[in-house]
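Going down the list, the sequences are from chains A and B. Reading the first sequence from the start, the letters are residues 140 to 448 in the working numbering. Reading the second sequence from the start, the letters are residues 204 to 415 in the working numbering.
Any given hint might turn out to be false.
What the hints assert, rightly or not - What the simulated footprint calls covered on chain B by chain A, stretch by stretch (three residues with Cβ under 8 Å from a Cβ of chain A suffice, anywhere in the stretch; the number is not a length):
#, segment
1, 245-259
2, 376-389
To be verified - Just a sample of chain A residues kept apart from chain B, beta carbon distances all over 10 Å, derived:
#, residue
3, 220
4, 229
5, 230
6, 238
7, 242
8, 282
9, 364
10, 381
11, 398
12, 433
No lab work stands behind these hints: they were computed from the structure. Only a predicted model underlies this, so the values are computations on that prediction, with no experimental measurement involved. Just so you know, even glycine gets a beta-carbon here, dropped at the ideal spot from N, CA and C.
As a plain string of letters, each chain reads:
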Amino acid sequence: MKDIYKKTQNDITPKHLFYNRRKILKFGLALTAYVASNSITSAFAQEMFDRKINTLEEITNYNNFYEFGIDKTDPAKHAHKLTTSPWPIEISGLVDNPGVYDFSEIVREMSIIQRTYSLRCVEGWSMLIPWNGFQLSELLNKLGVRDEARYVSFETLFRPQEMHMQETNILNWPYREGLRLDEAMHPLTIMATGVYGEPLPKQNGAPLRLIVPWKYGFKSIKSITRISFQREEPVSSWNQQNPAEYGFYSNVNPTVHHPRWSQASERYIGGEGEGYLGNLFTKRYDTKLFNGYEEVAPLYEGMDLSRYY
Amino acid sequence: MYKATKTVNIRSLFDLVRASVRKLRCWHIYLSLLVPLLFLAYDLLSGQLGVDPMRAIEKSLGVTAIYILILTLCITPFSLLTGINFIRFRRAFGLMSFFYIVLHFSTWLLLDMQLRWVEIVESLTRKPFIVFGMMGFLLLIPLAATSNNYSMKRLGKYWPKLHKLIYAAIILGGIHYLMMEKTLQNDAIITFIIIIVLISLRFFKIRKINWL
Numbered sequence: 140m141k142d143i144y145k146k147t148q149n150d151i152t153p154k155h156l157f158y159n160r161r162k163i164l165k166f167g168l169a170l171t172a173y174v175a176s177n178s179i180t181s182a183f184a185q186e187m188f189d190r191k192i193n194t195l196e197e198i199t200n201y202n203n204f205y206e207f208g209i210d211k212t213d214p215a216k217h218a219h220k221l222t223t224s225p226w227p228i229e230i231s232g233l234v235d236n237p238g239v240y241d242f243s244e245i246v247r248e249m250s251i252i253q254r255t256y257s258l259r260c261v262e263g264w265s266m267l268i269p270w271n272g273f274q275l276s277e278l279l280n281k282l283g284v285r286d287e288a289r290y291v292s293f294e295t296l297f298r299p300q301e302m303h304m305q306e307t308n309i310l311n312w313p314y315r316e317g318l319r320l321d322e323a324m325h326p327l328t329i330m331a332t333g334v335y336g337e338p339l340p341k342q343n344g345a346p347l348r349l350i351v352p353w354k355y356g357f358k359s360i361k362s363i364t365r366i367s368f369q370r371e372e373p374v375s376s377w378n379q380q381n382p383a384e385y386g387f388y389s390n391v392n393p394t395v396h397h398p399r400w401s402q403a404s405e406r407y408i409g410g411e412g413e414g415y416l417g418n419l420f421t422k423r424y425d426t427k428l429f430n431g432y433e434e435v436a437p438l439y440e441g442m443d444l445s446r447y448y
Numbered sequence: 204m205y206k207a208t209k210t211v212n213i214r215s216l217f218d219l220v221r222a223s224v225r226k227l228r229c230w231h232i233y234l235s236l237l238v239p240l241l242f243l244a245y246d247l248l249s250g251q252l253g254v255d256p257m258r259a260i261e262k263s264l265g266v267t268a269i270y271i272l273i274l275t276l277c278i279t280p281f282s283l284l285t286g287i288n289f290i291r292f293r294r295a296f297g298l299m300s301f302f303y304i305v306l307h308f309s310t311w312l313l314l315d316m317q318l319r320w321v322e323i324v325e326s327l328t329r330k331p332f333i334v335f336g337m338m339g340f341l342l343l344i345p346l347a348a349t350s351n352n353y354s355m356k357r358l359g360k361y362w363p364k365l366h367k368l369i370y371a372a373i374i375l376g377g378i379h380y381l382m383m384e385k386t387l388q389n390d391a392i393i394t395f396i397i398i399i400v401l402i403s404l405r406f407f408k409i410r411k412i413n414w415l
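Let's have the full structure, built from the sequences with the hints guiding it.
Written out as structure tokens, the structure is:
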């Protein structure tokens with residue numbers, strides 16, 4: 140895999156092209172996945188466009204990946220130790236084609252798309268990140284998920300030799316997450332394999348991670364090695380560690396009170412100025428229900444979102 | 204013979220320390236406690252605070268405040284142990300810690316919460332992590348306000364009693380630090396242990412160690 144995470148934004152796209160790219164992306168956003176499906180309210184779309192897309196440098200130096208340390212700069216320091224090739228992924232449970240597939244085998248079969256999503260962390264900050272990857276639904280269709288399956292569960296690699304925090308008990312390793320099958324099948328749910336058109340940097344969850352843009356960031360599990368289909372609600376690591384603060388659903392919701400951080404608004408990391416100093420004055424935006432991705436609302440019709448948080 | 208020489212050396216070293224401490228003035232303490240702020244400013248301007256400088260500043264100011272407060276608590280046991288009188292510098296430490304807490308709180312209000320009052324009030328009433336920090340800060344306000352000769356004279360025997368609030372304040376600050384992230388962090392745990400040890404020292408009668 141190409142060693143892209145040592146490069147800066149400028150090495151990948153010259154500045155003038157980058158700004159054009161922004162326009163292209165904006166245009167692409169407006170035309171394709173979002174407004175075409177009449178998905179985002181125009182006000183939200185407008186507000187998203189006001190934010191500049193985070194640079195690769197920002198995206199790769201501000202990560203919550205507790206396997207490599209608690210501080211947001213730790214993953215950038217330690218993730219290089221991770222071996223991502225070969226990368227076997229075990230598919231099991233209520234599925235027609237179980238087995239162990241290598242990441243390269245899977246990704247070869249998928250149609251790669253680009254999606255720029257807002258990533259909203261439960262800690263009250265957000266970033267705008269141009270992912271590439273494939274729709275999870277495409278993979279699930281190829282695997283042939285059985286009708287009895289109601290949930291899908293994911294597991295991060297467990298390899299303490301390369302992920303030193305797995306030797307501590309800050310979380311019950313390996314990191315686990317899960318989705319209801321209809322959430323997993325939703326067209327907005329993707330498996331990211333890269334950012335800015337390049338393979339995923341290790342600190343961002345190489346080689347394969349989940350992205351569920353309407354849920355808090357911790358649901359978007361990184362460096363996945365196990366996917367299984369089941370009838371019961373799967374374990375999710377943060378829910379297990381602190382059920383009062385983190386529910387299974389963890390949909391972005393400004394009205395559900397969180398005991399530690401305000402969820403009514405979010406600081407968008409990525410200021411207007413140049414470089415890190417420009418980020419000193421990060422702007423706060425009102426957080427929207429489902430992180431603004433209102434088209435997922437029908438998934439939760441009739442559910443009390445303050446109870447199933 | 205050898206032992207005697209060694210004793211003399213320790214004695215002269217001790218005298219040297221005592222003499223230099225005698226030469227120290229309070230403003231030396233005030234100035235040197237501004238050094239962490241200078242380092243922070245340097246780190247900010249040289250881009251070393253990372254992707255989210257606001258969070259780095261907020262945390263650094265808070266941690267500096269709690270460590271200066273820890274130094275404040277060290278002064279009495281240290282003076283008792285060594286027989287060197289540091290007590291006259293205690294006010295400088297206490298007030299400088301308060302100064303960093305004010306900066307920490309202002310950063311939170313202005314750059315972090317950006318004066319969004321509804322959320323500020325919600326945080327101050329419903330989020331234990333913030334409530335503990337705020338209670339610690341509130342307890343220190345009367346202490347800072349009475350850290351002057353006039354108040355000491357006016358309050359008389361009540362002054363030391365009032366200033367025992369520092370113990371409650373620093374414990375609240377330590378809890379605030381412990382609750383900062385999703386999980387416990389080593390730095391916060393170590394800080395909390397130091398605080399507990401320093402407070403426990405108050406329950407023992409410390410006698411001056413005979414160094415010579």
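So is the segment 245-259 of chain B in contact with chain A by the C-beta rule, three or more residues under 8 Å, or is the coverage claim wrong? Satisfied; 9 residues make the cut.
Was residue 220(A) rightly flagged as not at the interface, with every chain B Cβ beyond 10 Å? holds, 20 Å
Beyond 10 Å from every chain B Cβ - status for residue 238(A): holds, 35 Å
Grab the minimum beta-carbon distance between residue 229(A) and chain B and tell me whether it stays above 10 Å. holds, 28 Å
So residue 398(A) supposedly isn't at the interface. Is its beta-carbon more than 10 Å from every beta-carbon in chain B? At roughly 6 Å from the nearest Cβ of chain B, residue 398(A) sits no farther out than 10 Å, so the non-interface label is violated.
Does the claim that residue 364(A) lies outside the interface with chain B hold up, using a Cβ gap greater than 10 Å? holds, 23 Å
Any Cβ of chain B at or closer than 10 Å to residue 282(A), or is the non-interface label fine? Since the minimum Cβ distance to chain B is about 32 Å, residue 282(A) lies beyond 10 Å and the statement holds.
For residue 381(A), which was marked as not at the interface, is the minimum beta-carbon distance to chain B over 10 Å? Given a closest Cβ separation of 8 Å, the condition is violated.
Take the segment 376-389 of chain B, compare each residue's beta carbon with every beta carbon of chain A, and decide whether three or more fall closer than 8 Å. It holds: at least three residues are needed, and the segment 376-389 of chain B offers 6 whose Cβ sits within less than 8 Å of chain A.
Check the non-interface label on residue 230(A): least C-beta distance to chain B beyond 10 Å or not. Non-interface label stands for residue 230(A): nearest chain B Cβ at 30 Å, farther than 10 Å.
Taking C-beta pairs only, is residue 433(A) more than 10 Å away from all of chain B? holds, 23 Å
At 10 Å, judged by beta carbons, does residue 242(A) keep clear of chain B as stated? holds, 28 Å
Violated hints, listed in ascending order, are 10, 11; each of the other numbered hints is respected by the structure.
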